Amino acid sequence: MVYDERSDDYSIKTINLAKSFRKKRHKGVFGFLKRGNEKEKSETTDVTVALDNVNLGVRTGELFGLLGPNGAGKTTLVKCLSTILIPDDGTAIINGFDIRRQTTLVRASLGMVIGGERTLYWKLTARDNLMYFASLYKMPRKRIKERVDELLGTMNLLDRADERLEDYSTGMRQKVAIARALLHDPPVLLLDEPTLGLDPTFSRQIRNQIRELSRKEGKTVLLATHYMKEADELCDRIAIINEGKIVAVDTSDQLKAMVKETELVEVICYNPPQNVEEYLKALCPDVEIITLIRGEEAKGTPSRIKLIGGNAEKRISTVIDALRKKNTQITSLNISMPTLEDVFIKLTGAKLTEGSMGAGQ
Amino acid sequence: MGSSETYSFKANLFIIWSEVVKNIKFMMAYPVIFVFWTIFPFFWFLPFIFQCQAFVGGLHSANFEQFTGTSDYIPFIVIGAILNGYVLTSLYGVGESMRREAYRGTLDYLLSSPSNKAFILIGKALSESIKSTMYAAIQFVVGILVFGIYVTIEIIMPIVLIIFLLILGLYGIALMLAAVSLQFKQAHDLAHTLEYVFYVFTPVRYPLQSLPFWAQVLGSFLPLTYALIAVRSLMLLKQNVLAVYQEIFLLLVVDVVAIFLGFYLFDWMEKKTKSSGSISHY
Amino acid sequence: MKRKGKEFREPKKFLCPYGFTLANLKAEMRAIWENNVKEWKIEFTYPLSFIRQSVEPLIFLLPFIVYGLVLIGGRYSDSLMSLVGTGDIVTYIFTGYIIMGFIGTSVWAMGFGIRKEQWYGTFESIYVTPTSRISLVLGMALHSVVHQGISVFFEFLVIYAIFGLALRIEGILPALGILALMMLALCGFGLFVSSLALVLKEGWIISEGLYSVLMILSPVAYPLTVLPSIAQQMSKVFPTAPALIGMRSFLIENYTPEVMGNVFLHLLALDLAWIIFGVMIFYATDVYIRKRGTLGKY
Chain A
357 MVYDERSDDY SIKTINLAKS FRKKRHKGVF GFLKRGNEKE KSETTDVTVA LDNVNLGVRT
417 GELFGLLGPN GAGKTTLVKC LSTILIPDDG TAIINGFDIR RQTTLVRASL GMVIGGERTL
477 YWKLTARDNL MYFASLYKMP RKRIKERVDE LLGTMNLLDR ADERLEDYST GMRQKVAIAR
537 ALLHDPPVLL LDEPTLGLDP TFSRQIRNQI RELSRKEGKT VLLATHYMKE ADELCDRIAI
597 INEGKIVAVD TSDQLKAMVK ETELVEVICY NPPQNVEEYL KALCPDVEII TLIRGEEAKG
657 TPSRIKLIGG NAEKRISTVI DALRKKNTQI TSLNISMPTL EDVFIKLTGA KLTEGSMGAG
717 Q
Chain B
13 MGSSETYSFK ANLFIIWSEV VKNIKFMMAY PVIFVFWTIF PFFWFLPFIF QCQAFVGGLH
73 SANFEQFTGT SDYIPFIVIG AILNGYVLTS LYGVGESMRR EAYRGTLDYL LSSPSNKAFI
133 LIGKALSESI KSTMYAAIQF VVGILVFGIY VTIEIIMPIV LIIFLLILGL YGIALMLAAV
193 SLQFKQAHDL AHTLEYVFYV FTPVRYPLQS LPFWAQVLGS FLPLTYALIA VRSLMLLKQN
253 VLAVYQEIFL LLVVDVVAIF LGFYLFDWME KKTKSSGSIS HY
Chain C
317 MKRKGKEFRE PKKFLCPYGF TLANLKAEMR AIWENNVKEW KIEFTYPLSF IRQSVEPLIF
377 LLPFIVYGLV LIGGRYSDSL MSLVGTGDIV TYIFTGYIIM GFIGTSVWAM GFGIRKEQWY
437 GTFESIYVTP TSRISLVLGM ALHSVVHQGI SVFFEFLVIY AIFGLALRIE GILPALGILA
497 LMMLALCGFG LFVSSLALVL KEGWIISEGL YSVLMILSPV AYPLTVLPSI AQQMSKVFPT
557 APALIGMRSF LIENYTPEVM GNVFLHLLAL DLAWIIFGVM IFYATDVYIR KRGTLGKY
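Chains as they are written, first to last, in our numbering: chain A, 357 to 717; chain B, 13 to 294; chain C, 317 to 614.
Honestly, I wouldn't trust all of these hints.
[Claimed, not checked] Pairwise CB distance ranges (calculated):
no.: 1; chain 1: B; residue 1: Ile150; chain 2: C; residue 2: Ile367; range: 52 to 58 angstroms
no.: 2; chain 1: C; residue 1: Gly465; chain 2: A; residue 2: Asn512; range: 54 to 60 angstroms
no.: 3; chain 1: C; residue 1: Leu588; chain 2: B; residue 2: Ile51; range: 58 to 64 angstroms
no.: 4; chain 1: B; residue 1: Ile150; chain 2: C; residue 2: Phe593; range: 44 to 50 angstroms
no.: 5; chain 1: B; residue 1: Ala149; chain 2: C; residue 2: Ile375; range: 38 to 44 angstroms
no.: 6; chain 1: B; residue 1: Lys37; chain 2: C; residue 2: Ala547; range: 52 to 58 angstroms
no.: 7; chain 1: C; residue 1: Ile375; chain 2: A; residue 2: Asp541; range: 47 to 53 angstroms
no.: 8; chain 1: B; residue 1: Ile51; chain 2: C; residue 2: Phe593; range: 39 to 45 angstroms
no.: 9; chain 1: C; residue 1: Asp394; chain 2: B; residue 2: Leu173; range: 41 to 47 angstroms
no.: 10; chain 1: A; residue 1: Glu633; chain 2: B; residue 2: Ile51; range: 30 to 36 angstroms
no.: 11; chain 1: B; residue 1: Thr285; chain 2: A; residue 2: Pro556; range: 44 to 50 angstroms
no.: 12; chain 1: A; residue 1: Val603; chain 2: C; residue 2: Lys607; range: 24 to 30 angstroms
[To be verified] Subject to a maximum C-alpha distance of 27 angstroms in a straight line, what follows is the list of computed DSS-like cross-link-like pairs (lysine-lysine):
no.: 13; chain 1: C; residue 1: Lys607; chain 2: A; residue 2: Lys479
no.: 14; chain 1: A; residue 1: Lys572; chain 2: A; residue 2: Lys585
no.: 15; chain 1: C; residue 1: Lys607; chain 2: A; residue 2: Lys501
no.: 16; chain 1: A; residue 1: Lys670; chain 2: C; residue 2: Lys357
no.: 17; chain 1: A; residue 1: Lys601; chain 2: C; residue 2: Lys342
no.: 18; chain 1: A; residue 1: Lys670; chain 2: A; residue 2: Lys612
no.: 19; chain 1: C; residue 1: Lys607; chain 2: A; residue 2: Lys498
no.: 20; chain 1: B; residue 1: Lys37; chain 2: B; residue 2: Lys22
Quick caveat, the hints were computed from the structure, so don't treat them as lab data.
For clarity, every value in this text was computed on a predicted model and none was experimentally measured.
Every residue, glycine too, gets a C-beta built ideally from N, C-alpha and C.
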């Protein structure tokens, strides 16, 4: 059971939330004039299941992580919760309001930060942007000015508040975006990849801010991210999502406990053979998952081969011999604490992220 | 000029050709836009036809004849609208395609390639002209069938020649526009302003003589003025090509000046842009 | 799960004014105003663009006048006199052309208000606020109406200086009243166009097409009696035709109570019909795109 039906202490609760998309060729106004064969093509629609009966409960005041690779359904879930999308089936309750029927109150309960560059007006100053959005959140006029100053102060932006955003750095713009989400002091925050594309310094600042919002101000935060380090570091509980399904929900420690230390071997190497996964699998059939995470070897980032589950540890010598035979240069070997990445691989068989990105920033 | 450094004339022709092919492919991908540009010019001059019916109470205006030699105003404005189409596509075609490249992020790449950028622009403009000619051809056919435009075999070639010369002159002006847009972000506004100048100071809707003297002088610098007078003389006044040699000659002079200025300005601006580095300001 | 000594709060129930209350109406009105202010702020970062757009209508007005003068060989048309009771073509065209900018308000400013936010990338951010999308579009309309007002004033100055205009000063206020009634219906129409622009990729063609069609179906430079009868019938569903008849009655002195009564009733009926139709289509489109998930695209 992901949440307790009787408990009233959930600020976000999804009930059998489902959403799929039809991919249809866009034909335009006079599309019917197009040739027949194209028409036939366009009628074969692909259905992508973005959310598959998602049941989640985020407790009031909790910092909740939604971890999954790009395309797993994180953004779709956030968009459904924020009323940008109407789900096909099921619903969600936010701050006690139904996203289908009480859209205005849901919107008023939410502060939202979407990753990406252009969610604010670059031609306006930070102050103008915040004043404008404050009025869209229907804040009382008297309150707006002091609240904007207060937030600009918290974000350390007061001295540049009257500069246009086009002259800001990406990280500073993201701070303004976070300030905007806090304008109306919403009880629930939805953050979709808030550190995407930021440099490490700004990422750290933003993460600290998120932590403070949760710890000090008691906001309920749903943080969708594909950086496992971010989820690991910040979140009280983490839901792992893959292909529209929630595959596990628990604290970071509990999730990691799902992978026993003896079950995890990581071989750091250069030049692993083609089809290394099948090759090793044939040699060690009792290891549950063998997966290769390719590094950018030319740039000095080694590749990593992960062996998870079963008797991974007992197979080390077999693996080393086999790799040597194929001229793989092994630089080190870890039999270490599992990470969320390992949990993800164990649960889904898929990789969380390609290459070194998964390590976070 | 940049072409003398590394690239031969043949290579430049190839650049133009590839631009044309690329843009025609884009056009094929958006048939709606093609249909739009063919049909809508008719909507833009229809009000002028109804206006005349209300003001003179018929299809002929005696006063109009004093200025233009024909009392039949409908073919007059139909021809004006068709040729004005070339102005719109040249100005916006070049300007917009620069913006499009900037949006796609390919502008910097284009400008840093070793080929002469003016030729890339000509390639863009040429594909716009091919489109315009397709629209114009359809519109001429409609004009002949519906609006009583007169055409004989003998005047077709001279009209093609005049339109060709018109296009050349417009290229010169479009190049100047592109040159300025390398430095200034608001090229779009400039394109609009040029469109207005063409619309008001050339005989698109009314004969040039109806304007004050200073406006006539301004109009005499624009290639569309001569093209309109010449085409109308052939099609409406049923004159032969010898009667319009003066207009054709003046059109040629305007073309040479405009193209020279266009290339010169573009080359100069490009060097200036490279040294000050304001290309990626978009 | 109360680890790290966290205090959990009760959900807040009062968040913002909503529903059919005075406080909510005030909040929505302020949102309309702030949208308008925002548009002006953005516009003034491109001063050249502002000047161009203010002068633009004049450029398209002049050819109508010059062409008319050439056709007649003077500014008085006997034919027009017999059709509408006034022969001064300059005044006739100027009073007709006033409305063109306001048609632009509905098909361009309103029609593309939301699309513009999609291009900026700000649409989703606006969407998740509790303010109605209609207030956003109306904010755009307000900005555009002020813009058109500036343009009309400018046109007036130039045309008055070059040709002179025979307008009744005391007719200006009631003519503005008629203009306001026309704007209400055009706002409904604008919401409809805005919905089309959201659903169709080639929305600009719709706007350009509607603009051209409305230009033909409105008595801007000619009375509708010169149109084919089917076009005359079609013109009745748009507010521009009765509005122009009414405005000219006040501005060019052939005011009769029966005509004005008809104009007034016709406009009121169109206001009601277009607003209801526009709002319904707008909300239906809103649901449609939220189901399809194309909101933030383009």
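List of violated hint numbers, smallest to largest: As far as the earlier hints go, 1, 2, 3, 4, 5, 6, 8, 10, 11, 13, 15, 16, 17 and 19 are violated by this structure, in ascending order.
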